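Fit the two chains together into the complex; they arrive one by one in their own frames, and the hints show the way.
Line order of the protein sequences matches chains A and B. If you use the numbering used here, the first sequence closes out at 686, no skipped numbers anywhere. If you use the numbering used here, the second sequence closes out at 118, no skipped numbers anywhere.
FYI, nobody ran anything at the bench for these hints, they're computed from the structure. Mixed in with the good hints, there may be bad ones.
[What the hints assert, rightly or not] Derived coverage of chain B by chain A (criterion: at least 3 residues anywhere in the stretch with Cβ under 8 Å from a Cβ of chain A; other residues may be distant): (1) 42 to 55; (2) 74 to 87; (3) 90 to 97.
All figures in this text were calculated on a predicted structure; none of them were measured in a lab. We treat Cβ as the ideally placed atom computed from N, Cα and C, and that holds for glycine.
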Amino acid sequence: MGSTVTTANTVGKSWDGGNNEPLGASYGKLMMWFFIVSDALTFSGFLAAYGFSRFKFIETWPLADEVFTHFPFMHGVSAPMYYVALMTFILIFSSVTMVLAVDAGHQMKQGKVAFYMFLTIIGGLIFVGSQAWEWKNFIHGEYGAVETKGGSILQFVDNKGKRVALADFAVVLPEEREQLTRGKGKWFMEEGTLSTYSVNEVLEGFKARPDLLVRTEVINSAETLKTAQGLNEDKSLNKEKHKFILSRAESERRLADATLVVEGANLQHNEYGSKLFADFFFFITGFHGFHVFSGVIINIIIFINVLLGTYEKRRTYEMVEKVGLYWHFVDLVWVFVFTFFYLV
Amino acid sequence: MSHEHVSNTKRIWNVFFLLSAVTIVEVVLGIIKPESLHLTNILGMNLLNWIFIILTIFKAYYIVWAFMHMEGETPALRRSVVWTVIFLIIYLVFILLTEGNYVFEVFKNATIKWNF
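One chain only, chain B, in its complex shape (with noise of 0.2 Å):
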């Protein structure tokens, strides 16, 4: 619980530059798109995609720990909120990504075409 009431200006300020740094470089990367990172690909997916994704979690990370004060919070109520959010995105999007590239290869492979 925060129940001192001191002022915090100073790491918002900082905050708010540190995300908006990040987005610049997000911008910067989506607009030039670097062939060397764009046509590389590391574990099913290319280097750039693997960058956007990282620092989107790491822009959510300064959101709610910063703004949303988790960091203030007990740590019960951040590992229910936390956890439990993480491992339901993680079950459902891998069930679903996974689901939708069997789709695909059915499409792909089948003898009907769908899309002429």
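Isolated chain A (complex conformation) (with noise of 0.2 Å):
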């Protein structure tokens, strides 16, 4: 309790920080944003690494809106930035009760302090909870794609464009293929899980169905098609600032270089396009993510100490401002990261 109690008896034997408020804050505060400036540049970069492997690759860059389009209890319905936008909302909300229980603080208001908190808590823990649910239907994936040799990724649609999951056409062939494992191996070798369909049942399956097309990386614009082959006829099929889709005999060319069929996304290999995208989706929202879980571990220790009264004593909610300081500021972390993410 000494560290966290100050009582009459231990005013001059710890120390409170000094007198001297520069800058018109306390101690505290300003340690805080000290660091809050730090951890601003440290996403900064994060993201400005983010939009330098976008711009390396900007032809071939996967299109938000394609990748994240997900709902819970609905399946199968194309739902893109719904519940991103569901979660931006509860963060903000979030954020809103910290700053009201930061105003309550002001007031000495404990019981209503102790509230607030505890729905900024809530607030923090199912975002949290959004996001791996997020994450787990990006490693998931959804349709399947083919990478070829040259390692870029080929996905699949059907004649009117629309995108084509790998089980709705692969066949099944009578052939085995045992996922090595250590056990069996003879020197530490082992691989990673095998794809549902190998490549020849994909390519077996795509032969089997004239419909099929494949779906490139490379975005339409005007500068991608003075390069583009093989375009498919139908010129409906090949929007501006969509994927480029070849005609059925280009499809069957490029299809010959496949090596790999692609299920969902790791740090390796990605069915969305680029690998980089989904090494950033990771790095990025893994971090903003972490420091989720840590305010809501700060948070948790805070509203305790609300409700066993240790800022009573105090006479001052100054701490419950500190971590209100660090929740807005992972707040405003999202808003970039949803903006850069999501929507640009």
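In structure tokens form, the structure reads like this:
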């Protein structure tokens, strides 16, 4: 208790941050601002690196509204961004309850502070849970694709341009491929999880369905049109700022290079397109999620202190203000992540 | 410093409704992607993206000023935080995006095909 409670007999015995308050802010608040500035620069570094990679692969970058299309209890419905919009609201709302807690703290209303802190913690937990669900969908993938030996991703569409999942056309061939595990390997040999279908099964299925076409990673623009080859004759399939859809002959030619079936995304392969997109998605939203998670933990500690009456004894709820600063910062970062990952 | 212990509840809710409204506008634009905005380029970027980025900065302003209570801090603290961060971010983004664009050109004009 000694470290958390200031009572009359500890005054003068423990350091209180000094009476000199530069910039009119208390020691703790100023240090929180120092931390926020440095953390803001860290996140800017990540997002700028994302921008770098995106500019580097500007003509083949995945389109976010084709990647994040899930909504809970709505299977098979393409709902781009509704879920992430909901997550944004949850986080903004938990920011509001946090600032209401700070406001109640200014008026020394212990019950109200505790109530609003509690709502903030719940909001934070819902957000982290939502992020986990978003990761799950991204990792599992939706339609599946094949990767060529050059590392580019080929996706499948029907002749209307609608995406087709591997499961809808891949055939089952009488071939068996056993996953190599440590137990069967000769010398620390193992391999990752095998895909549901082999490349051959996908290729055979493609041959059997003449209406299927390949969609490449390249985005239709005046610049990419100059060098594009084998585009579908049906002009309505290739709209500006959409991915190119190839003719049937060109599709077959490109598929001859297929080496790998990709389902979902991980750090090495990504069915949605550029591998770096998945890497940055995992890294940046993961780092942000980690911030939310630690924010929840810190909020819980402060919440317990509020319940114990620590700040009533101190006659100030400044600690709530300090964690509030951190919590709003996490919200602030999400506003930018939301824009640069989902909107732009 | 905010030592006036008056309740700001009304302002907090106003800011919340403002931020929500801006988010709704962003999401609606992001789902519809109106062609008039999406296919019009201004200063090297399409109009839709400019709108998204400006709205984001607008939201960031309100979060920092109202929620983090920057408006109540001394001007010196405000400037030390905001100017420093904005300057470094603009610098970093400018350099990395320019470099990214350059690497893109190098790949594109190279004799070796890298993505096939």
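Within the region 42 to 55 of chain B, is the number of residues with a Cβ closer than 8 Å to a Cβ of chain A three or more?
-> holds (count 3)
State whether the coverage of the region 90 to 97 of chain B by chain A holds or is violated, taking the criterion as 3 or more residues with Cβ-Cβ distances under 8 Å.
-> holds (count 4)
Do three or more residues of the region 74 to 87 of chain B come closer than 8 Å to chain A, measuring C-beta to C-beta?
-> holds (count 8)
In summary, the structure agrees with every hint in the numbered list given earlier.
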